[in-house]
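A.B. asks: Chains A and B supply the protein sequences, listed in that same order. With the working numbering, the residue at position 44 of the first sequence is 44, and numbering never jumps. With the working numbering, the residue at position 75 of the second sequence is 75, and numbering never jumps.
A couple of the hints might just be wrong.
Below, a sample of chain B positions facing chain A; criterion: calculated Cβ distance under 10 Å [to be verified]:
1) Trp-27
2) Gly-31
3) Tyr-70
4) Arg-108
5) Pro-120
6) Ser-135
7) Glu-298
8) Arg-338
9) Glu-343
10) Ile-346
No wet-lab data here; the hints were simulated from the structure. Keep in mind it's a predicted model, so treat the numbers as computed, not measured. In this text, a Cβ means the ideal position worked out from N, Cα and C, and glycines have one as well.
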Amino acid sequence: MSDKKPEKKKRLKTAEKLGKLMADYYTESAMVKAQKKPVAWLSSVAPVEVCYTMDVFPIYPENYGTMCAARKLSAEFCAAAEAKGFSTDLCSYALNNLGSIYLNKGPFMGQGLPEPDLLIATEHACLSMAKWWEELSRHFNVPLYIVDAALPVGEDLSPHHINYFAEQLRELMGFVEEHTGNKFDMDKFKEVLGYSDEASKLFLEIGALRKTVPSPISPIEIFTNMFPIVTLAGKKEAVEFYNELYDEISELAKRKEAAVPNEKYRLLWDLFPIWYNLNLFKYIEEKGGVVVADVYATTFGGRVDISRPFEGLAERYVGNPLLSYGVQQKTELYKQMIKEYHVDGVVFHSNRSCRMASMGQYDVKQGIYEDIGIPGAIFESDFVDPRSYSDEQVKDTLDSFFEILESRG
Amino acid sequence: MVHSIDSMERLRDELNSFPQNESIKKWKNQGKKVIGWVCNYVPEEIIYAAGFLPIRIMGHEGVISRGDDYLQSNMCPYIRGCLSQGLEKKYDFLDGIIFAHTCDAVCRLFDNWRIYVGAPYSYLLDHPHKISDSSQQYHYRQLEKLKKSLEDLSGQEITNSSLKEAIDIYNENRMLLKQIHRLMAGDNPPLSGVEVSDIIRSSMIMPKDQNNLLLKGLLAELVARKSPSAPGPRLMISGSIMDNAAFIRLVEECGAEVVTDDLCSGTRYFWDSVENNQNPLAAIGLRYLNMVPCACIEPPFPRFEYVFNMIEEYRVDGVILYGLMFCDTFQYDFVGQRKRLEEKNIPVLEVELEHPSLGLGQLKTRIQAFLEML
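Make a model of the complete structure from these sequences and hints.
C.D. replies: Put into structure tokens, the structure is as follows:
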């Protein structure tokens, strides 16, 4: 069994740096109101580069949801949103965030997030984002801009898909100018995009180092190291951080140093972690399983062609595998990843909150098994709301899966 | 007793024998193709102009979902119902499918349909989730692509004149449905809410020119018809898709008159017409982009306004917010919508259904209590 004593010393040297980046960000977020800096709340995969270009402080209620879950506050917050009439079947990121607003509570010094002056969302990840942000706009009575990404599932990406997003990015700059008085500056924009692209490039390269056997980085390390690419894309600090992280991980890869001892079964993970129970990865590791690949983290990386700033930024967001792949495309992508990452099995987290991402898992699992004989297991849970979580059921599913993997030798 | 009327019976027949009814058989016997569609945002005129019959795919009243074998249980029951019908081979006569990618559930139905049901031709049209100038351009490009794809399927060009003709026939259908529906605004309306629902849904199946003839006949017959039900509280139903009339029947059995709705399977299907005065493809695009929106389109306000206008015009006494389980976008809207309605002192009953037609009995007491309050 794992050591119950609090882990003082993290395995990675860069962990300390990551902690500092996060602390700095949240310290700034606590002071930003006093500094009269405009605050925008962004949905996941919304173009944060716009904020850094326009000198607006970005807040991610989803990222915050993962923290509320980790600090065991999400059950109370979700229930508070339900008391206001929201259905319990809605996304727990949304319920958690709305509930924390209604209760005016949160994990930082008991407080909620600094209130938004602007709201920016995409419908890219799912429709819930737009609806959740509409509710935020109604609650705070502040302006909302929704970037509607083309979702060409099963279509080849054409310039008009990109142009639609790019056109809205131009509109969005105007929207921010109008509501903050801050002026758009092309040079600043290009500088921000340069940092964003560089951070993405490094982040994707770090992900690709997981192809090494044994994997030099653990899933918990990957998921916690997402913070800069999600929140700080467009900042120099993110580039500096990923440079160091890349150096450290590639060194470990060179030395064939395993992140997790006893790597027997290499696993592909679909899709979200359980934020209040990251220890599930530890359970998997005790069984000899190591998650070495996922598309969740890489979704937040994406290259930017800076010579065409708006179109280039649009390309970072449109056509993303997680967000706009149908079952067949996703099956093909996973088959490819299974080969490249030397994967022995696929674990699907059917996330009650995220129908968009969980629908089709049966078909992808089936498709992979039929085509290349790699087995998969599906377990159900919710990524933020622990109220109906059954640890035994999840572990039972995983146990049976490991028996299958073992029988295959 | 109210005597039945001819045209009404014939419209009902179309529904009763659906999916493969007489008019569809006749169409197919002429060697012409039938295309099944899902979601109001599929521009039927373009399919019709290509020489194909567009029909809406629906679940079936009372059928337990075989779709459960392929979809997680927390999936839209309407989508599960559709997939069940497909798996039961009820739609094997289709020559193709076109779905609009509006909500996530439709997108996944498209995947599953292609894998487990199969279709000789399949097309998923990404519809913008926003009403704006840039979305208009995007939408137009998407319609051009769809048109091209249908031309490849038929082997013939879709001409402007065939598009204009399709628009005329579809607009006439909308106008007739609207004329019939407006009769519900008066006292003692000549139709029940169930009948209105049946009429609207039959128009989604029949070839529009034939449907237009029946609707004209119906309008003439309705002049002399007395109200089929005793006066009761006048209700509006607003919310998710309703692919059968079981819920409306239950509400009317409790003593209410369902005089109007805000449903994509109801008035929102026909309320807006195409302005047939310019490039026909652009005109079609504008209609589908700007029509009273589904909850999955931003911003939601035009729909809220539509609801309030309906309440006034149809002198509505109370509103039922009807949500299918896991129909997220409407579930989000209901919170704000309820507030808006209550601020105007309009009574609201919110119901959540696990299936569009099953297990309704347990709602009866809640509906009765609501009606007593009115």
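A.B. asks: Next step is simple, just say for each hint if it's right about the structure.
C.D. replies: The hints, checked one at a time:
no.	hint	in the structure
1	Trp-27	28 Å, violated
2	Gly-31	29 Å, violated
3	Tyr-70	6 Å, holds
4	Arg-108	4 Å, holds
5	Pro-120	16 Å, violated
6	Ser-135	6 Å, holds
7	Glu-298	5 Å, holds
8	Arg-338	7 Å, holds
9	Glu-343	13 Å, violated
10	Ile-346	16 Å, violated
In summary, the numbered hints that this structure violates are 1, 2, 5, 9 and 10.
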